[in-house]
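**Q** Sequence:
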Amino acid sequence: MPWESAMRLPETDRGTRIALIYALVAERLSTYYEHGQWPTEAQGASLFADWLSRSKRSLPIADRRHLSALSDQMARQIAESLSREAGLFTAHEMMESLDPNYHSEIGGSLMLECERVLDSGLAA
2 MPWESAMRLP
12 ETDRGTRIAL
22 IYALVAERLS
32 TYYEHGQWPT
42 EAQGASLFAD
52 WLSRSKRSLP
62 IADRRHLSAL
72 SDQMARQIAE
82 SLSREAGLFT
92 AHEMMESLDP
102 NYHSEIGGSL
112 MLECERVLDS
122 GLAA
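If you use my numbering, the sequence shown corresponds to residues 2 to 125, in order.
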């Protein structure tokens, strides 16, 4: 999968959390559009643990589950607001933009939305 080799986590805790939400939203949308299923919160938290371990980092399970829930909410909102064709395109753009050499205006906009989701999720 593209995110395995391409995902570079930022050095800050906040940046890491935003990047993790973004990557899992991309993964959730791809899974939804390819298989018609949403990954569970536990599956998301497990993916986070895998991604973090590659960079020798970790987050407590409660934090991983919370970020997984935030990514689920965001992915479902995106899917509800787009046609299937637009959703497929968005999922593709997000997966491609996990590569730091790939520039995507959609990816940049959604990264800002992930930041907003993190901020609102932390306040809740």
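What the hints contain is simulated information worked out from the structure, not anything from laboratory work. Please note that the accuracy of each hint is not assured.
Unchecked claim - Here are the in silico distance ranges between beta carbons for each label pair:
#1 Leu89 with Lys57: 32 to 42 Å
#2 Glu116 with Thr32: 18 to 28 Å
#3 Gln44 with Gln78: 14 to 24 Å
#4 Arg15 with Lys57: 13 to 23 Å
Using N, Cα and C, we set each Cβ at its ideal position, and we do this for glycine too.
**Q** Next step is simple, just say for each hint if it's right about the structure.
**A** Hint by hint, here is what the structure shows:
{"no.": "1", "hint": "Leu89 with Lys57: 32 to 42 Å", "result": "holds (34 Å)"}
{"no.": "2", "hint": "Glu116 with Thr32: 18 to 28 Å", "result": "holds (23 Å)"}
{"no.": "3", "hint": "Gln44 with Gln78: 14 to 24 Å", "result": "holds (19 Å)"}
{"no.": "4", "hint": "Arg15 with Lys57: 13 to 23 Å", "result": "holds (18 Å)"}
In summary, this structure violates none of the numbered hints.
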